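Spelled out from the first residue to the last, the chains are:
Number of protein chains: 2
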Amino acid sequence: MAVEQVKMVKNILTGNDELAARNRDCFETAGVLAVNVMASPGAGKTSLIVKTIEELSGRARIGVIEGDIAGRIDTEKVLAAGAADAVQINTGGSCHLEANMIQQALNNLDLSALDIVFVENVGNLVCPTHWALGEQLKLCILSTPEGHDKPVKYPELFAASDVIVLSKMDLIDLVGFESDFFYESVRALNQAAPIFELSCRTGQGVARWIDWLVGMKTAVNGSAL
Amino acid sequence: MAVEQVKMVKNILTGNDELAARNRDCFETAGVLAVNVMASPGAGKTSLIVKTIEELSGRARIGVIEGDIAGRIDTEKVLAAGAADAVQINTGGSCHLEANMIQQALNNLDLSALDIVFVENVGNLVCPTHWALGEQLKLCILSTPEGHDKPVKYPELFAASDVIVLSKMDLIDLVGFESDFFYESVRALNQAAPIFELSCRTGQGVARWIDWLVGMKTAVNGSAL
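Read top to bottom, the protein sequences are chains C and Z.
76 is the number that my numbering gives to position 76 of the first sequence; each next residue is one higher, with no gaps.
Numbering-wise, my numbering comes out as the position in the second sequence, counting from 1, plus 1000.
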């Protein structure tokens, strides 16, 4: 039974990868940069998306696919911030998004009218790592109140990410976050990913993130903003 | 294949429940209060356990079963704080603890020498909810920086918990946490669970939590500390 279980999980993941490849084709054909945003609940996924929409207002058309167990709070937030379009996925109970959910969301999103799509995954530092959605970039956010030891405890997401954001930098002096420990443990897992320190509340560090994202839009899609 | 998958998951959960019942028998026979501690990464699970160990020093013998994807940072922390015993479980990649992992941990824990056992689950606001471990109490911690909207987005854990701790109260004024929204959304899911507001950093609210826990030790096990 254990073997059967492993086989079935493998089958499901293979099916997911095939759908993810199709989603990726859709994004690439439309010249859209798709970013899979992964983090713990409350790390600041929506705040970073909202801030990015505001900073790129009039320059980039940003769509959002919102993944939540329940509710549509974040979809309302990103639309209020100026998202060009947004689709809510309620997973019901599932702790992560899967490629088939993105495929369904894409039926309700006109990619030809968008430049960047953020896929906000369910808040979870573990499970989303294993499910490709068709994104070109995996973004991991860690907030300073969560603590510097998280890369040691949850290594897979930090290892798999293309870019890492350390958020809530305005709180760093209040929460005992040890930057040296954090950087050493991330770099033991992932040498390549750039790390952006920022605070959506104060705006500190946001410009560097925006510049990098705009550069990636050109590098990945060959089409500048 | 979908049906087969559902059946298999049900079988696994049934097997888990049987093992959880056996674990619970072990705890109850030994007169130990077992608490399953669930929260997002970095919400303050270890901090609350450490604070509780310190506050009950000389009064209660506390054991800890630490669940992490990787590492043994928290086991070292709770032992340094004065835990009577601690066992580390590394799940390898699993996003939650299961009853069979607790069964194995119990082989390495002398329950007759303990009063309370905290089982610190993997940091995750979703998956641990579905897996009984044999605990008598389910404790959910939310930290103020995570935001007041989490009960709406992650309703299952808040609905299933016997007690809820709102942690990092020292940061509440800095992070825009709306208490009214939080209480209303929790109470829509769960009328019974007491909610303790506290800060392990400042000590604010900790005494009330300790008093309640000591009371539960007597109520659940019939044996006072």
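Just to be clear, a hint being listed does not mean it is correct.
[Stated by the list, open to error] Here are a few chain C residues that face chain Z, going by a calculated C-beta distance under 7 Å:
| # | residue |
| --- | --- |
| 1 | Ala30 |
| 2 | Ser40 |
| 3 | Pro41 |
| 4 | Val50 |
| 5 | Asp68 |
| 6 | Gly92 |
| 7 | Cys95 |
| 8 | Cys127 |
In short, the hints are calculated from the structure, not lab data.
Just so we're clear, the structure is a prediction, and the values are computed from it rather than from any experiment.
Even glycine gets a Cβ: it sits at the ideal position worked out from N, Cα and C.
How the hints compare with the structure:
A least Cβ separation of about 29 Å between Ala30 of chain C and chain Z goes past the 7 Å threshold, and the interface hint is therefore violated. Of the supplied interface hints, the one on Ser40 of chain C holds, with its beta-carbon coming within about 5 Å of a beta-carbon of chain Z, less than 7 Å. Restraint check, Pro41 of chain C versus chain Z: the minimum CB separation of about 5 Å is within 7 Å; hint holds. Against a cut-off of 7 Å between C-beta atoms, the interface hint on Val50 of chain C is violated, since the closest Cβ of chain Z lies about 13 Å away.
At about 5 Å, the closest approach between the beta carbon of Asp68 of chain C and any beta carbon in chain Z falls short of 7 Å, and the interface hint on this residue holds. A least Cβ separation of about 10 Å between Gly92 of chain C and chain Z goes past the 7 Å threshold, and the interface hint is therefore violated. For Cys95 of chain C, the interface hint holds, the least distance from its beta-carbon to any beta-carbon of chain Z being 4 Å, beneath 7 Å. For Cys127 of chain C, the interface hint holds, since its Cβ comes within 7 Å of a Cβ in chain Z; the closest pair sits about 5 Å apart.
Hint compliance for this structure: hints 1, 4, 6 are broken, all remaining hints hold.
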